[in-house]
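There are 2 protein chains.
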Amino acid sequence: MIIQKTENSRISTFDPNNFSFGNTFIDHMIICEYEDGKWGDVKLVPYGPLMFTPAMMGVNYGQACFEGMKAYKDKDGQVFLFRPEKNFERINKSATRLAMPEVTEEMFLDGLKALVDLDRGWIPSGEGMSLYIRPLIFATEEALKARVSNKYMFAIVATPAKSYYTEPVSVKISDHYSRAASGGVGSAKAAGNYAASFYPTQLAMDEGYEQIIWTDDATHEYFEESGTMNVFVRINDTIYTPPTSEKILDGVTRDSFIQLAKKRGIEVKVEPIPVKAVVEAQKNGTLKEVWGVGTAVVTTVFQALGYNGDKLQLPVLSDDESFAATLKNDLVNIQTNVAEDTFGWRVVVEKNVLETV
Amino acid sequence: MIIQKTENSRISTFDPNNFSFGNTFIDHMIICEYEDGKWGDVKLVPYGPLMFTPAMMGVNYGQACFEGMKAYKDKDGQVFLFRPEKNFERINKSATRLAMPEVTEEMFLDGLKALVDLDRGWIPSGEGMSLYIRPLIFATEEALKARVSNKYMFAIVATPAKSYYTEPVSVKISDHYSRAASGGVGSAKAAGNYAASFYPTQLAMDEGYEQIIWTDDATHEYFEESGTMNVFVRINDTIYTPPTSEKILDGVTRDSFIQLAKKRGIEVKVEPIPVKAVVEAQKNGTLKEVWGVGTAVVTTVFQALGYNGDKLQLPVLSDDESFAATLKNDLVNIQTNVAEDTFGWRVVVEKNVLETV
Ligand SMILES: Cc1ncc(COP(=O)(O)O)c(C=O)c1O
Ligand SMILES: Cc1ncc(COP(=O)(O)O)c(C=O)c1O
Chain A
9 MIIQKTENSR ISTFDPNNFS FGNTFIDHMI ICEYEDGKWG DVKLVPYGPL MFTPAMMGVN
69 YGQACFEGMK AYKDKDGQVF LFRPEKNFER INKSATRLAM PEVTEEMFLD GLKALVDLDR
129 GWIPSGEGMS LYIRPLIFAT EEALKARVSN KYMFAIVATP AKSYYTEPVS VKISDHYSRA
189 ASGGVGSAKA AGNYAASFYP TQLAMDEGYE QIIWTDDATH EYFEESGTMN VFVRINDTIY
249 TPPTSEKILD GVTRDSFIQL AKKRGIEVKV EPIPVKAVVE AQKNGTLKEV WGVGTAVVTT
309 VFQALGYNGD KLQLPVLSDD ESFAATLKND LVNIQTNVAE DTFGWRVVVE KNVLETV
Chain B
9 MIIQKTENSR ISTFDPNNFS FGNTFIDHMI ICEYEDGKWG DVKLVPYGPL MFTPAMMGVN
69 YGQACFEGMK AYKDKDGQVF LFRPEKNFER INKSATRLAM PEVTEEMFLD GLKALVDLDR
129 GWIPSGEGMS LYIRPLIFAT EEALKARVSN KYMFAIVATP AKSYYTEPVS VKISDHYSRA
189 ASGGVGSAKA AGNYAASFYP TQLAMDEGYE QIIWTDDATH EYFEESGTMN VFVRINDTIY
249 TPPTSEKILD GVTRDSFIQL AKKRGIEVKV EPIPVKAVVE AQKNGTLKEV WGVGTAVVTT
309 VFQALGYNGD KLQLPVLSDD ESFAATLKND LVNIQTNVAE DTFGWRVVVE KNVLETV
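These protein sequences, in sequence, are chains A and B.
Heads up, the first sequence is in this note's numbering, so the first residue is 9 and it goes up one at a time.
Heads up, the second sequence is in this note's numbering, so the first residue is 9 and it goes up one at a time.
Keep in mind that the hints are not guaranteed to be accurate.
Pairs count within a copy or across copies, as identical chains cannot be separated in the list.
What the hints assert, rightly or not - Taking lysine-lysine pairs in the DSS-like style, the calculated list, with each CA pair at most 27 angstroms apart, reads:
id, residue 1, residue 2
1, Lys-81, Lys-46
2, Lys-101, Lys-153
3, Lys-284, Lys-51
4, Lys-159, Lys-170
5, Lys-83, Lys-101
6, Lys-277, Lys-101
7, Lys-46, Lys-153
Note that these hints are calculated values from the structure, not bench results.
As the structure is a computational prediction, the values presented were derived from the model and not from experiment.
Please put together the full structure from these sequences, using the hints given.
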């Protein structure tokens with residue numbers, strides 16, 4: 009790893025009690041360039057602009073995929089990553105689907121640790137605080153030909169993140185727009201999937217919803233995901249989530265929720281969720297909770313489901329009654345080193361990793 | 009328009025008889041930036057790199073769309089665009105679907121004319137030669153949040169293009185992968201659509217095909233497009249092409265072919281094309297031609313269709329017998345000012361436009 013530390017740290021301007029998530033960037037970033045069929049040196053450099061022309065293939069043909077993960081600081085100042093190997097596997101799965109080169113462990117996992125260690129001062133601590141980390145790969149060749157690029161950049165950038173508490177939201181069950189095609193790229197964290205979701209989401213907002221529950225594009229009869237989260241439904245005391253597939257992202261939070269639920273003895277059924285079954289359950293009072301899960305906010309609880317022009321209300325549960333709240337709590341306690349990690353999910357970020365890499 | 013001409017023209021290094029299409033860039037480009045809810049000044053500047061960080065939303069969330077169009081030089085050195093207003097309309101349709109701001113006529117059409125006029129020396133002339141022009145819009149805000157960007161860049165870059173003659177190719181009728189979802193972004197020239205198509209295309213190549221005929225993602229029973237082209241099928245003396253829809257790009261070449269065919273009295277049916285009907289017609293000898301159309305190569309003729317593991321051969325027709333060749337010829341003659349333009353499709357690029365804008 010080639011290390012070039014900044015001479016102009018911006019950390020004195022960073023107020024952990026008052027910052028804007030998503031556009032406050034830590035001092036450094038990881039970059040690594042691919043050319044002539046291979047990745048070059050991994051570099052840890054000051055965060056900042058690079059030179060690209062508008063002919064860059066990444067913005068022309070969308071060959072770009074990313075990950076979203078977090079580092080957490082415990083009360084003693086120790087820093088942890090959460091299941092980073094899952095994100096490593098997933099970025100390579102995304103890369104393969106988009107005909108991009110896979111990244112190596114050295115680039116991804118060592119890069120991550122070196123960056124987080126060096127900029128550990130940027131990780132806010134306290135409830136809900138974390139560092140949101142964005143590894144990504146994008147095509148950098150300048151060429152106006154719709155074909156696989158010969159040049160890529162792998163980068164890791166990061167931004168401090170605030171409390172993930174969000175108010176319960178109303179979501180619209182999609183009856184026209186969709187997120188993924190059969191035989192498409194829904195299971196990849198492909199850049200283009202996100203742009204495609206913005207306009208339908210805006211339309212749902214115009215109708216008074218905050219998010220969309222994506223359904224299958226052919227019939228709109230089955231739940232797929234919710235916004236940029238995986239979705240869970242609780243009917244009586246059983247929780248349901250759709251199986252992952254080429255249309256559904258294999259979320260780390262989803263998998264963790266499934267394992268945590270099983271540990272608590274909650275029945276989990278990983279099976280297709282028909283919209284009709286959920287509507288039926290709402291009508292007969294057995295629908296207890298519907299929620300989304302993802303790294304960014306852990307859980308978003310839904311208060312109402314928009315279906316066929318109706319707003320189907322969901323019960324308001326106390327944190328004790330709510331499986332969503334209980335499982336979220338279990339997860340956050342592991343992530344932040346408050347509870348024992350019987351799963352081996354936490355990965356400590358050693359101090360001064362840089363001296364050893 | 010703000011004009012900053014290059015002081016280091018590279019045109020003396022450009023050999024119109026020996027250049028690489030797609031990565032030879034003309035001296036200038038158009039750029040225009042969007043911020044605070046509005047587009048700034050249109051600028052004609054030297055082609056070259058700009059500063060972007062890896063947190064640029066365009067590569068993270070794929071908010072990016074583009075156009076592909078050409079300028080042609082006739083034997084007297086006059087330069088023409090072809091139906092540029094269609095591309096102007098389409099980029100705004102794409103932008104809307106991706107929740108991006110529309111561009112103005114001044115940015116798009118005036119920008120195009122100014123750029124092509126100034127760099128007209130870069131347009132090779134002779135059969136099949138042209139300038140390939142790439143207008144695009146992409147998100148430039150630096151932010152790690154999956155939401156609509158607040159900043160964009162509109163740009164026009166261009167590369168000299170060579171003869172569009174291509175050998176007949178074998179295409180695989182897709183039975184698993186797909187290009188577009190119902191309720192998705194297939195009708196937009198969204199960057200992400202192209203990245204999504206590369207891997208399936210590579211797999212088809214591994215099986216001995218050059219391209220894919222995309223079919224509907226739910227059943228794979230209907231033709232949609234072919235590679236990055238619209239598709240035509242000729243059975244006996246009738247030609248068929250699928251209707252445009254939210255899954256099918258409304259191609260300028262497709263529309264021109266339809267009008268040219270009608271002018272020649274060829275029967276054109278714009279209706280869904282069942283895969284089975286094509287296979288049936290191949291078996292009973294009524295399938296005469298299948299071809300793709302698009303700006304880049306005008307026409308690619310198919311010699312065989314891969315279906316269910318079989319390679320269904322297509323007849324070899326002379327240029328006189330072939331509707332694809334006849335219509336291509338009609339189109340190219342209009343584009344290059346060899347034939348009278350009864351449709352009003354050609355738009356001349358006046359000399360010294362710059363003095364008037
Ligand atoms: C489309 C989509 N679904 C689900 C998720 C949740 O995945 P994870 O739990 O790994 O963050 C994400 C990412 O956060 C996503 O982008
Ligand atoms: C997916 C797709 N279909 C069809 C076409 C053909 O459109 P046009 O004739 O306007 O070039 C293109 C672009 O060239 C395309 O990208």
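Hint check results:
1. Lys-81 to Lys-46: Classified as neither; 35 angstroms inside a copy, 41 angstroms across copies.
2. Lys-101 to Lys-153: both (24 angstroms within a copy, 22 angstroms between copies)
3. Lys-284 to Lys-51: For Lys-284 and Lys-51, neither the intra-copy (52 angstroms) nor the inter-copy (54 angstroms) Cα distance is at most 27 angstroms.
4. Lys-159 to Lys-170: Intra 35 angstroms, inter 24 angstroms, cutoff 27 angstroms: inter-copy only.
5. Lys-83 to Lys-101: Cα proximity of Lys-83 and Lys-101: none, with 35 angstroms in one copy and 51 angstroms across.
6. Lys-277 to Lys-101: within (25 angstroms within a copy, 42 angstroms between copies)
7. Lys-46 to Lys-153: within (21 angstroms within a copy, 30 angstroms between copies)
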